[in-house]
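Be aware that the sequence shown starts at 53, since it is given in the working numbering, and climbs by one per residue.
In case anyone wonders, no lab produced these hints; they're calculated from the structure. Be aware that one or more of the hints could be misleading.
Unchecked claim - What follows is a list of derived Cβ distance ranges for each label pair:
(1) Met206 with Trp102: 38 to 44 Å
(2) Phe196 with Glu108: 55 to 61 Å
(3) Asn236 with Leu398: 44 to 50 Å
(4) Val334 with Trp102: 22 to 28 Å
(5) Ala395 with Leu176: 38 to 44 Å
(6) Leu68 with Asn297: 31 to 37 Å
(7) Asp241 with Phe101: 36 to 42 Å
(8) Gly295 with Gly376: 56 to 62 Å
Note that this is a predicted model, so its numbers are computed, not measured. Note that beta-carbon positions come from the ideal geometry of N, C-alpha and C, so glycine has one too.
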Amino acid sequence: MIRLEKRPQPSRAWSLATPLVAVLATMLFGGVLFAVLGKDPVEAIRTIFWEPLFGEFAFYYRPQLLVKGAPLVLIAIGLSLGFRAGIWNIGAEGQYIIGALTGAGVGLAFYPMEAFYIFPLMVLAGALGGWAWAMIPAILKTRFGTNEILVSLMLVYVAEQLLASMSLGLLKNPEGFGFPGSRNLQQYDSAHNAELIAGTGMHWGVVAALIAVIFAYVLLNRHMLGFQIRLTGEAPRAAKFAGVNPPRLILFCLGISGALAGLAGLFEVAGPAGQVSIDFNVGYGFTAIIVAFLGRLHPVGILLAGGLMALTYIGGDIAQGNLGLPAAAIQVFQGMLLFFLLALDLLTNYRIAIGKPEAA
53 MIRLEKRPQP SRAWSLATPL VAVLATMLFG GVLFAVLGKD PVEAIRTIFW EPLFGEFAFY
113 YRPQLLVKGA PLVLIAIGLS LGFRAGIWNI GAEGQYIIGA LTGAGVGLAF YPMEAFYIFP
173 LMVLAGALGG WAWAMIPAIL KTRFGTNEIL VSLMLVYVAE QLLASMSLGL LKNPEGFGFP
233 GSRNLQQYDS AHNAELIAGT GMHWGVVAAL IAVIFAYVLL NRHMLGFQIR LTGEAPRAAK
293 FAGVNPPRLI LFCLGISGAL AGLAGLFEVA GPAGQVSIDF NVGYGFTAII VAFLGRLHPV
353 GILLAGGLMA LTYIGGDIAQ GNLGLPAAAI QVFQGMLLFF LLALDLLTNY RIAIGKPEAA
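Produce the entire structure from the sequences given, and follow the hints as far as they go.
Here you go:
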């Protein structure tokens, strides 16, 4: 008889090994998926993980790791603070969209004026937009006890409808010949999130992501608020006796995650994306959940996990072009990573035992 036995203490070894084992399992079963689709599994895996780093055109793809990884890390850092405290913000995608809309809206309001303060105002507006959108589930939870998972998730669909409405209405380019979408912010110097060093992919969003990693690390390890976050997630009853204020913690965690998601949206719309459009959002808010858990909710781990997930984005695009893999297969491949991560995480608290259980 094969059964699961609860460990006396969580296994630190398994906790550290789970992300690596999950990646290996994803590669193995992803290879099976690609084989079923009629593709060479070894070539597909090699293309996804090798080509962006060491392939013939790696000089072009490497900067894209920063471009793709920055919003994932920025959003995941905010989510991880809440997740550590047992506060589940699943609507970062909506906060990402609203941050992009508010930030781009400020920039477009000044068009065509050129001034140094426009981009900082856009950054502030993006953060406030994401924060305000996250405050909806936060206030509903603290005042009425609603479930923040459902509310934050449903607000994603509201944000998507607002995005479509703005692309076709208020923010629509009046010189766009009727096509949906705003003006191109890449052509508006004061509102453009340009590369800080040409050809490197380094822009202000990357800088913000690195600052967020440092901030989260210091907060969790050197500040009383970080202690309260960790204590609430690990021992809720003990947190009450330690004087933790649950409503205040909910407002802080959801607020900071919303603000960081809004910043990610602003840096994306003012940089790589370049404009507000109906299909602006590409799922960064949901993918960041995978990044957060793959990084074990640790700031440095999230930084590394964001790079890995960015690698699958870029490698997946290469595999689609070179091998003819469908986009859905790449999305399933990325989803496998979270599935195996959560499945194998069970072994941190349980171990596999063979034989009949001992009599009590």
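Unmet hints by their number, sorted upward, for this structure: Those not satisfied: there are none.
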